[in-house]
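In the order they appear, the protein sequences are chains H and Y.
For the first sequence, the residue numbers in the working numbering are 579 to 808.
For the second sequence, the residue numbers in the working numbering are 113 to 909.
To be clear, the hints were calculated from the coordinates, so they are not data collected in a lab.
Quantities reported herein were computed from a predicted structural model and do not represent experimental measurements.
Glycine is no exception: its CB is placed at the ideal position from the N, C-alpha and C atoms.
Treat the hints with care, since some could be wrong.
[What the hints assert, rightly or not] Taking beta-carbon pairs under 10 Å as the criterion, some of the chain H residues facing chain Y (in silico):
# : residue
1 : E696
2 : H700
3 : T704
4 : H706
5 : V755
6 : V759
7 : H799
8 : L801
9 : A803
[Stated by the list, open to error] Pair by pair, the computed Cβ-Cβ distance ranges are:
#  : chain 1 : residue 1 : chain 2 : residue 2 : range
10 : H       : R649      : Y       : R130      : 51 to 61 Å
11 : Y       : A878      : H       : H587      : 49 to 59 Å
12 : H       : Q713      : Y       : Q125      : 33 to 43 Å
13 : H       : A775      : Y       : H433      : 37 to 47 Å
14 : H       : R649      : Y       : W833      : 40 to 50 Å
15 : Y       : L453      : H       : T704      : 51 to 61 Å
16 : Y       : L882      : H       : E596      : 48 to 58 Å
17 : H       : V595      : Y       : Q125      : 52 to 62 Å
18 : Y       : L882      : H       : S604      : 47 to 57 Å
19 : H       : R746      : Y       : T500      : 24 to 34 Å
20 : Y       : R821      : H       : E596      : 31 to 41 Å
[What the hints assert, rightly or not] Residues of chain Y placed beyond 10 Å of chain H at every Cβ, according to the derived structure:
#  : residue
21 : S239
22 : D596
23 : P609
What follows is each chain in one-letter form.
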Amino acid sequence: MRVEGLSRHFGAGESRVEVLHDVTFSVARGARCVIVGASGSGKSTLLNAIGGLDAPDAGTIHVAGEQVTGRSPRELTRYRRAHVGFVFQFYNLVPDLTVTENIQVTAQLVRRPLDIDELLEHLGLTQHRHKFPAQLSGGQQQRCAIARALVKGSDLLLADEPTGALDRHTSQQMLEVLDDVHRRYGATLVMVTHNEAITALADQVIELRDGRIVRDRLNPHPLAARDLDW
Amino acid sequence: MNRDAVALGLRRQWRGFRSTWARWTAIAVLLTVGLGVVVGLLTSASATLGALERGAREGQLADGMVVTEIPLTEQQVADVEALGARIVPTPFVDVPGRTAGTDTTVRVLRADQALSRPTLDAGVLPSADDEGMVEKLHARVHGLGVGDTLAVDGRTLRITGIGSLPDYASVTPHVGQSGDPELFALVMVAPDAFEEVAAAHPRAVSWVYGYALEGATHEQVRRLLGEATLDPARASNPYVAVATDAARAAGLPVSYPAVSLFLPADDNPRINGAISDARTTMAVTLVTTVLVLLLVAYVLAEFSRDRIVRDSVVIGTQSAHGTSERALLAHYLVLPLAVTLAGSLLGLLLGRALAPFLGLVTDYYSFPAAPVEPTPLVALLSIVTPVTLVTAVNALVIRAALGRPTQELLRPQPAGGPGLPVRLDRLPFVSMFRLRQALRTPGSYLLIAAGTFLCILLLVFGLGMRSSMDTYLTRAEDELLFHDFYTLRFPDLAAVPPGGHEAVAVPLRVVGADGLPGESLTVLGVPADNPYFAVDVDALGAQELVISRAAAHKYRLGAGDTLTLHDGELSWAFDVVGVSDYTTSAFGFTTPEHARALVDPAVLLAARSMAGAGARPGADDDGVVPYYNAVFSDQPLDIDPDRLVSHSTREEMLGGVEKFNALLSRIVALVSWSSMLIMVVVLYVLVRLVVARQWYSISLLKALGYSDREVGRLYLDNYLWLVAASVAIAVPTSVAIMGEVWRLMTAHLPIGIPFLVTPGDVALMAGLALGAYAVVRVATARDTRTVPVTEVLKFRE
Ligand SMILES: Nc1ncnc2c1ncn2[C@@H]1O[C@H](COP(=O)(O)OP(=O)(O)OP(=O)(O)O)[C@@H](O)[C@H]1O
Ligand SMILES: [Mg+2]
């Protein structure tokens, strides 16, 4: 995945804010990349652009050789379907569907989805499969969201602060799960966080400040999630 | 509250309106159209009743009338007056006339009759011999006004006034049968002019008296006059004397009653028809009103609920800071109430504008002109009812929505709570998804179903009415094979008039469930070889009848039922063995022999003795044809008018119905168009509301990679099935409901077919419903497209 010269602003005139300035970096296939930065530094905006949810003002994004930028909304939809699995900060499950049904929502989108039962088993959700999101704990909801992102078997997994709304213990569990599924299913993982500690897990760490990359480094010795020190 | 607070409150209300103006406007339009139709119909119906009442009061409508063969004697008048009642002559003469180039039959009446006097819409009563007052329907058909002229019996009358008569039987060519106002005119003339016409046509004079009871009873009057027999020497009809003499010569004393018709105003077919029309309109209207208002109230309540869900954080903050629930309730009631008030006021104005065009009965019957204005009660109710209903329903819903604990309001679930704990994982995904939608928002599904149902009901009402009328007219034209229908009082048994086909007609009354004789049914004995009625009567027993479709429909009879008929003295029970396709009159068909058995033997004998002088009872070989008293023919026959009771033609029988049909088409058009509009508005408002409520899930699905098309299919196509299912249920139900309404509406017309909708109507309704859905689908698909994808991801606690 390659991002080049990406810029994005919101608003106009006096209320104009430059959120991303000339952002350039690339991530190797199958790598785990963590983007860190303070609140408001533009992490979500960047991730949304990579995920094809939002169109940048300038710059290009390529994923698996395909250009994401400059596409019509319809082509972006097709791109999201084919390549992207999202895990959102606030889980964002469909409230009136059960766990299994929420996973079915994305499984529907591809011709050959992964086996839902196996995924549920793996994420420890089997006994909760018929519950509605409101009946689940935050950690369970996030696991469901991860399952929903994984079931398509897509090659790019985007996670926007997947632990943002969780306590320390659950966060650690969650990272273990992500770690585990990454190893198992082998997709490229781009994860956004404001928590420095999490960078220890990554193959690559990108630091964002006021919409600019201030540091882009590779981590030769990523830790396993269970060894993480908060 | 200080001024700033009020200004702030108003600004918030205005913002609330502006952000969702389309739905508020839509609901106001719905209310305006719904109430407009309702107020229009109610106003025209109550104007009819008002006009009737006014005509009866101002014209001193007689309590009853009697028709006699000869003028009452002074003694008879004195006897009636001794009862305390008043009886006055209201005679008429039927003469040929000519209006605007059309040959007519003119019924000339005395302008000075003391009871059942005319009510003038314009001009004055005639005072000179060459003046006349013309009845308004005839005047309108021919475009006559005061100062115009028309020819009556060869002389030219100048019109001094246009008006109507409160009277019932005298104003139609035959009692109980509405005529064609183009060909039949009522003209009131000065007393001298009347005497002249009457003197010129002594045989054409009908001796009619109106009476005012003033303390006496109908029964007293009836008994007193009913016992009087006719003195043949004084009868103007020569056959009375001939028949009496012939019978006497044969040793059979026969006497004729002096009174040939006794009709209390309560049995008045014309007035009762108009009243029942107006009452039916009112009943239909009230049912529609309740449905429309409930629909509006619920839709508005849904809006409120939706607003509260969206505002829940604000509400939570406000109540955390101590705003009372009462203040919040008031805040959320302002908009629905303002919209309701605006819609009702506009509806009232619309109804007021529509009412004059809906005057079905005032157009069809002849009543005094009446101001077609909503009565204060209608006006008040049309505002108060919706406002009350909307307040009540909204207050309930708002209170329930506000009743959630404050901290729950502050931390809203993005899109409401979970659905029902039903397991649907065995279903295919799309079905599962749609079913979940339905389970989550059953209220809006119910509303859409109810809205569709209401519209279909109105459409069935409109289209079915037209189809039934059309079908009836086509059938009547097909089956009325004869052109002339004569009934005879003094048939010539020497021979049946050449060109005619004889029958025996016995007018009887159907004994109802209450054991009392009510509606009329004519037993018709027709020879098997008659060309006009395709009924196989030869195999029928004396106690068996084949009834016409009209009788079957009106009296809810079918093969296997028993039917009791009454002739004033005797009753007979019959088995209905079949129904024949004859829709214009309530007939019971049998053989002439069986029908003759129902005729008073004295009448039979008198008729025989008139034909073959010296014929003895029981002798059948004297060259006399068997008794008949009705003749059908395909052209006018040369029959002495003195022998006749009545003569009617195909045109007369069809004309009234055609006129009714033409007037009905206005209401049909109004009802159909407004129901279409209501359907589109209801569907649009509700589907949009549901989609707006689902914005979270919709944008989430789009973020996950669903295309707009797929989102549309998942969220909107449910309603296609819902609408289709509602139509499928609503059509037969509405037909059943409207069938009963139709029976009431046509009770006074010679319309003998059940309410029906044609396959074309059903296709049209399905097409309209689906068309409305398609419009809504396209419009709402745009809504789902404009939901921003990234917004959803910011939804945080
Ligand atoms: N739709 C928008 N309109 C205007 N400004 C926006 C919009 N979306 C984001 N911004 C602004 O862009 C900036 C970056 O937002 P972004 O959501 O990318 O930050 P973030 O790094 O993800 O922060 P956080 O850690 O709080 O999630 C913020 O200042 C925000 O106010
Ligand atoms: Mg963010």
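For the range 37 to 47 Å, tell me whether the beta carbons of H:A775 and Y:H433 fit it or not.
-> At roughly 39 Å between Cβ atoms, Y:H433 and H:A775 fall inside 37 to 47 Å, so the hint holds.
Would you check whether the claim that Y:D596 is not at the interface survives, using Cβ distances to chain H and the 10 Å cut-off?
-> holds, 74 Å
Closest CB of chain H to the CB of Y:P609 still more than 10 Å away | holds, 83 Å
Is 47 to 57 Å a correct range for the gap between the Cβ atoms of Y:L882 and H:S604?
-> holds, 53 Å
Measuring from the C-beta of H:H700 to each C-beta in chain Y, is the shortest one below 10 Å?
-> violated, 18 Å
Does the Cβ distance between Y:A878 and H:H587 fall inside 49 to 59 Å?
-> Once the Cβ atoms are compared, 53 Å apart, the range 49 to 59 Å for H:H587 and Y:A878 holds.
Note whether the CB distance of H:Q713 and Y:Q125 lies within 33 to 43 Å or breaks it.
-> holds, 38 Å
Given hint H:V759 near chain Y, where the shortest CB pair must fall under 10 Å | violated, 18 Å
Under 10 Å, Cβ to Cβ, is where H:L801 needs to be relative to chain Y, so tell me if that hint holds or is violated.
-> violated, 29 Å
Within 40 to 50 Å or not, the Cβ separation of H:R649 and Y:W833?
-> Taking Cβ atoms as reference, H:R649 and Y:W833 lie about 35 Å apart, which means the hint is violated.
Chain Y contact restraint on H:T704 - CB to CB distance below 10 Å = With a closest approach of 13 Å, the H:T704 hint is violated.
Verify the interface restraint on H:H799: the C-beta must sit less than 10 Å from at least one C-beta of chain Y.
-> This hint is violated: H:H799 lies away from chain Y, its Cβ roughly 33 Å from the closest one there, beyond 10 Å.
In this structure, the hints that do not hold are numbers 1, 2, 3, 4, 5, 6, 7, 8, 9, 10, 14, 17, 19, in rising order.
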